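Participant: In order, the protein sequences belong to chains C and U. The opening residue of the first sequence carries number 1 in our numbering; numbering runs sequentially from there. The opening residue of the second sequence carries number 1 in our numbering; numbering runs sequentially from there.
Read the hints as simulated data drawn from the structure, not as lab findings.
Where chain C lies over chain U, by a calculated footprint (3+ residues, C-beta under 8 Å):
id : stretch
1  : 42-49
2  : 102-110
Calculated lysine-lysine pairs in the BS3-like style (CA-CA distance at most 25 Å, straight line):
id : chain 1 : residue 1 : chain 2 : residue 2
3  : U       : Lys15     : U       : Lys58
4  : U       : Lys57     : U       : Lys15
5  : U       : Lys42     : C       : Lys11
6  : U       : Lys100    : C       : Lys57
7  : U       : Lys5      : C       : Lys57
8  : C       : Lys11     : C       : Lys57
Source: prediction; values computed, not measured. We put the beta carbon where it would ideally sit given N, CA and C, even for glycine.
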Amino acid sequence: GAGVSQSPSNKVTEKGKDVELRCDPISGHTALYWYRQSLGQGLEFLIYFQGNSAPDKSGLPSDRFSAERTGGSVSTLTIQRTQQEDSAVYLCASSPRRNYGYTFGSGTRLTVV
Amino acid sequence: QQQVKQSPQSLIVQKGGISIINCAYENTAFDYFPWYQQFPGKGPALLIAIRPDVSEKKEGRFTISFNKSAKQFSLHIMDSQPGDSATYFCAASLTGTASKLTFGTGTRLQVTL
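Work out the full structure, taking the sequences as your base and the hints as a guide.
Facilitator: What follows is the structure in structure tokens.
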């Protein structure tokens, strides 16, 4: 596609439920990143995928968070047993190679009630 | 060691004026410094980036000034326009390793008529 596509654009969920957020990167981009943006805050790194290498999961805040990337393309970020502090905009980005400018999607706004 | 500090938090500039946003970093190993522009409801978009082997980079009305010894870099927006009203984020990363970006907390710029 022409850009990074994220779905859903908005998600409201009850505390304790699991959610899945999807990212479709730009075709051919080998690097994919997930960031979290809380209200009034900067972007917090979550996880990074590069080709077939093991992902860098160093930013995941707890074991309730996980992500996978299938076939080197689509990625899914899963949050289990959601908490109110998980409410944020989750942004996905891709780049054609490591150490190159990111293209961000418009994000998924997650609200945990 | 991984922090990037950004100031000011918000900025109001008259149309035609110069907008200046400053960032300071701690990790001397950082060697890639991009600026991102974010409009409401959208993901951040890469605006301009610099590497530490140069002290200044200009693209149109946007200029990055880089001071390696002071570990500071800044974004100057010349002839600021109402369409420049957005949130601006500075960031930094290491090359040669996973290219996750460390972001500043953002500056909300408002350009008035």
